[in-house]
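Assemble the complex: chain G is given as a structure, and chains C and S must be docked to it using the hints.
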Amino acid sequence: MRIVHYVNQFFAGVGGEEAAGTAPDTRQGAVGPGRALDAMLGSDHEIVATVFCGDDYAASDASAGEELLALVRGLSPDLLVAGPAFTSGRYGLACARLAAAAARAGIPSVASMHPENPGLDEAEPAPVIESGKIGREMRPSLERLAQAIEKLAGGEELREHDGRIGRAPRRNRMAERTAAERAVGLLLTRLAGDQESTEVPLPSFGSVTPSAPLADPENARIALLTEGALVPMGNPDRLESARATRWLRYELEGLDRLEEGTYQSVHGGFSTVAANADPHRLLPLDAARELEREGRIGQLHHEYLTTAGNGTQVATARGFGVEWAAELRQAGVQAAILTAT
Amino acid sequence: MSATRAREGERRSGTGLRLLAHEVTAVVLGEETTYGDGLLTVGAREASGLFAHPALASVRVACASPGDSTRIVKALDAVEPRCKGGEDGGIFPGLLGPAALRGRGETHALRGAAVISAGFLPRAQEAVLQMGGAGAELSPLSATHNVVVEFDPAPDAPWEEVAAALRLGVLRLAEHLAQAARDADPDVVEELEPADRSTGLPRVVAVTNIQTQGAFKDVLVYGRTMAGALPTWIDPCELADGAVVSAQYGHPALKNPTFVHQNNPVVAALRATDEVELAGVILCPEPVNEKEKRLVSEHAARLCAAVGADGAIVTKEGGGNADGDVALKLDALEDIGIHAVGLFAEMAGRDGTSPGLVVAPSRATALISTGNYDELVELDGTDRALGGERMGIVDAAATDELELPMAAIYGSLNPLGWSRLTAAAEV
Amino acid sequence: MLLCNLVSIAIRVGAPRIVPTHGIPFPTGDPELGPEEERRLRRQLVERALDALGTSVDGPTVFELGAVTGAPA
Numbered sequence: 001m002r003i004v005h006y007v008n009q010f011f012a013g014v015g016g017e018e019a020a021g022t023a024p025d026t027r028q029g030a031v032g033p034g035r036a037l038d039a040m041l042g043s044d045h046e047i048v049a050t051v052f053c054g055d056d057y058a059a060s061d062a063s064a065g066e067e068l069l070a071l072v073r074g075l076s077p078d079l080l081v082a083g084p085a086f087t088s089g090r091y092g093l094a095c096a097r098l099a100a101a102a103a104r105a106g107i108p109s110v111a112s113m114h115p116e117n118p119g120l121d122e123a124e125p126a127p128v129i130e131s132g133k134i135g136r137e138m139r140p141s142l143e144r145l146a147q148a149i150e151k152l153a154g155g156e157e158l159r160e161h162d163g164r165i166g167r168a169p170r171r172n173r174m175a176e177r178t179a180a181e182r183a184v185g186l187l188l189t190r191l192a193g194d195q196e197s198t199e200v201p202l203p204s205f206g207s208v209t210p211s212a213p214l215a216d217p218e219n220a221r222i223a224l225l226t227e228g229a230l231v232p233m234g235n236p237d238r239l240e241s242a243r244a245t246r247w248l249r250y251e252l253e254g255l256d257r258l259e260e261g262t263y264q265s266v267h268g269g270f271s272t273v274a275a276n277a278d279p280h281r282l283l284p285l286d287a288a289r290e291l292e293r294e295g296r297i298g299q300l301h302h303e304y305l306t307t308a309g310n311g312t313q314v315a316t317a318r319g320f321g322v323e324w325a326a327e328l329r330q331a332g333v334q335a336a337i338l339t340a341t
Numbered sequence: 001m002s003a004t005r006a007r008e009g010e011r012r013s014g015t016g017l018r019l020l021a022h023e024v025t026a027v028v029l030g031e032e033t034t035y036g037d038g039l040l041t042v043g044a045r046e047a048s049g050l051f052a053h054p055a056l057a058s059v060r061v062a063c064a065s066p067g068d069s070t071r072i073v074k075a076l077d078a079v080e081p082r083c084k085g086g087e088d089g090g091i092f093p094g095l096l097g098p099a100a101l102r103g104r105g106e107t108h109a110l111r112g113a114a115v116i117s118a119g120f121l122p123r124a125q126e127a128v129l130q131m132g133g134a135g136a137e138l139s140p141l142s143a144t145h146n147v148v149v150e151f152d153p154a155p156d157a158p159w160e161e162v163a164a165a166l167r168l169g170v171l172r173l174a175e176h177l178a179q180a181a182r183d184a185d186p187d188v189v190e191e192l193e194p195a196d197r198s199t200g201l202p203r204v205v206a207v208t209n210i211q212t213q214g215a216f217k218d219v220l221v222y223g224r225t226m227a228g229a230l231p232t233w234i235d236p237c238e239l240a241d242g243a244v245v246s247a248q249y250g251h252p253a254l255k256n257p258t259f260v261h262q263n264n265p266v267v268a269a270l271r272a273t274d275e276v277e278l279a280g281v282i283l284c285p286e287p288v289n290e291k292e293k294r295l296v297s298e299h300a301a302r303l304c305a306a307v308g309a310d311g312a313i314v315t316k317e318g319g320g321n322a323d324g325d326v327a328l329k330l331d332a333l334e335d336i337g338i339h340a341v342g343l344f345a346e347m348a349g350r351d352g353t354s355p356g357l358v359v360a361p362s363r364a365t366a367l368i369s370t371g372n373y374d375e376l377v378e379l380d381g382t383d384r385a386l387g388g389e390r391m392g393i394v395d396a397a398a399t400d401e402l403e404l405p406m407a408a409i410y411g412s413l414n415p416l417g418w419s420r421l422t423a424a425a426e427v
Numbered sequence: 001m002l003l004c005n006l007v008s009i010a011i012r013v014g015a016p017r018i019v020p021t022h023g024i025p026f027p028t029g030d031p032e033l034g035p036e037e038e039r040r041l042r043r044q045l046v047e048r049a050l051d052a053l054g055t056s057v058d059g060p061t062v063f064e065l066g067a068v069t070g071a072p073a
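Chains as they are written, first to last, in the numbering used here: chain G, 1 to 341; chain C, 1 to 427; chain S, 1 to 73.
No lab work stands behind these hints, which were simulated from the structure alone. Treat the hints with caution; some may be incorrect.
[As the list claims (entries may be wrong)] Selected chain G positions facing chain S (Cβ under 10 angstroms, derived; list incomplete):
id, residue
1, L188
2, I222
3, F270
4, L282
5, D286
6, E303
7, A331
8, A335
9, L338
10, T339
[As the list claims (entries may be wrong)] Anything over 12 angstroms on all C-beta distances counts as not near chain S; from chain C, calculated:
id, residue
11, R45
12, E193
13, A215
14, N289
15, E290
16, G324
17, V359
Where is the CB? At the ideal position from N, CA and C, for every residue including glycine.
In isolation and in its complexed conformation, chain G is listed as follows (with noise of 0.2 angstroms):
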């Protein structure tokens, strides 16, 4: 098989978190981690080039999906691989929306990462293989993820025991008992001693490395930011009030205050009687300011970031909050204050 091997700024030897912009690009042949992956392979299967991409540019440019999948069929590939991508984020959520992109575009496609990869809900169709979760498991997470490539070069589908992780989709059907039947039945189970049976596994929502300490807050620049679906009045930008699939983003340069009448809520979770009447409840700009004048704050990020968090699917709102962060570190800001309802 032709391969095409997606990787970061980092993997493909450019640099660090410094370049973390880069834009998209490529190579000829694999690159970093693809020339170990490459030899694993043996001689049936070649990685013709390598596609790149900084992490912020891929997570927080509207037009970076396109621009990969662009690169990857011109260079019509029988397979693309992205990753491994471990924990990070921004790179898990690169991989796996090309690889998602690729598989629905017809390239049949693989990605790997840890299960705890906030991109890793965002791979569907593709299948995800299973890394480890840093970078001194390359060695391991390769192996695996070339048995991967070996068994879809011979057509199989890839299972659990292949370390595929994620999803499996859940369809609705129907059962032989009613739902309060098997309820009772799963009561019984319990009372005679099984912790474990359940219809529904408890989703994992994975953990979040908190960060460290502001240490500066006075000479630090902060964003607002808020779930509340606060929009100018009219909702020009037409930001769904439920099931969101967009984030938007509103000046605040030069503005003291939140006038009523010039902002509304349009999350259709909560009444909004109260946040329209005064949308300093949803965005405190009023106090924000006043600490910025006093010198508590060094600066106020000049826009804030908006989305209805109202039945928003949790892949979704994971995707958004790292493209946010992705975002505001672009924009050298330290720390963020999100509201939410």
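Showing chains C and S alone in chain G's frame:
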């Protein structure tokens, strides 16, 4: 003399309830209401007359049977026809009659029939009930012979009064229809035991959470709201006499119509097994803030302990917000050593890959799935629609072929476990 | 950091720094209070948010206006 406990035989709250079930195998409109040999004839004029109220300009009664090429849109509440036997009235206490304690004596029920109101009310979310063709099997009420009541509100009548008048009319009609069967020999006699006695088996409580969000989103217990209340224990036999009536018109797939409270599926399933004994029903409001949810949930767990529960099955009404009430109760029960099972619908997205439970318990793990809310279903077009001429949730005629999320299908994901629908991982 | 009312959900999804609010519809306000009191509350909430940002944490930690508590074990 020292105080002694009353002996077991002396302390009785009375016998249970005898339910006389009369099967309905066909329903038609006619001159007067009669029942015989399974045929229910609904006297159209008598029926409409039961809805006479200043808030209603007019009502129309129609029949819809299983397999009919009929779709009921904007379905509101569904009620199983029931009346008391003997000289007592008193069905649907607090609404049709005085709010006196019920759940004893004899009660007649028309099995296989339902009175269903359909039409526009504010804050109602459009609920679709397909009687025949593709999609019918998803709603449990496609298997009953339905007496459908459409209505026109009086001009300028406040909507709360329209809803209340409609609700009373439906309950009156339900009683009126059951009364036609009082003299018929029942097809099935069920002796419903009261829940206040112990046989030594493990004891299980049905913890039933109900919506308490005000007009059009409330559930009445003995005719009153439970908003702001703490949980209460009731005997399951009281449900059989209509002590709990739905005034909640949102959440088509995730609602508990009055019919489901009358026939509480968890209670029925617990009665059907001989491995545990039913220790009662605990009704709990569903508050809308975290602190109150916590108080209600912990109180409910303590009530379960007080009635000697070894296990509990916890249900809800509504969407993600109500999941919080179930999750908190499951954890509170597990914390005091009571095994708990919760029923949840999943919001797993169109393709079923999103995590289905946003508000899951932290420590309890025994969960039953009533299906994926987001999956799309196909409904065949029908010859007739009741409840409206056009759909509200999509731009289509009410009789058109439709593709809708499971969320819009009446009773499909029923949180009390009425349906056989579930979601499972594709292998 | 996160200002929200449903603290148990915030803890469950792993938010490291949480400041509890008075109600779902008004994270940085409270319509029950008079205008002056509400502005004071808002200021206090934002100051607490800054405290939280400046504090080292290992996992979900709740910063009430009055005191700090770690997530229940």
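A quick look at each hint next to the structure:
| no. | hint | verdict |
| --- | --- | --- |
| 1 | L188 | violated (29 angstroms) |
| 2 | I222 | holds (8 angstroms) |
| 3 | F270 | holds (5 angstroms) |
| 4 | L282 | holds (6 angstroms) |
| 5 | D286 | holds (7 angstroms) |
| 6 | E303 | violated (18 angstroms) |
| 7 | A331 | violated (17 angstroms) |
| 8 | A335 | holds (5 angstroms) |
| 9 | L338 | holds (5 angstroms) |
| 10 | T339 | holds (4 angstroms) |
| 11 | R45 | holds (49 angstroms) |
| 12 | E193 | holds (38 angstroms) |
| 13 | A215 | holds (18 angstroms) |
| 14 | N289 | violated (7 angstroms) |
| 15 | E290 | violated (5 angstroms) |
| 16 | G324 | violated (7 angstroms) |
| 17 | V359 | violated (6 angstroms) |
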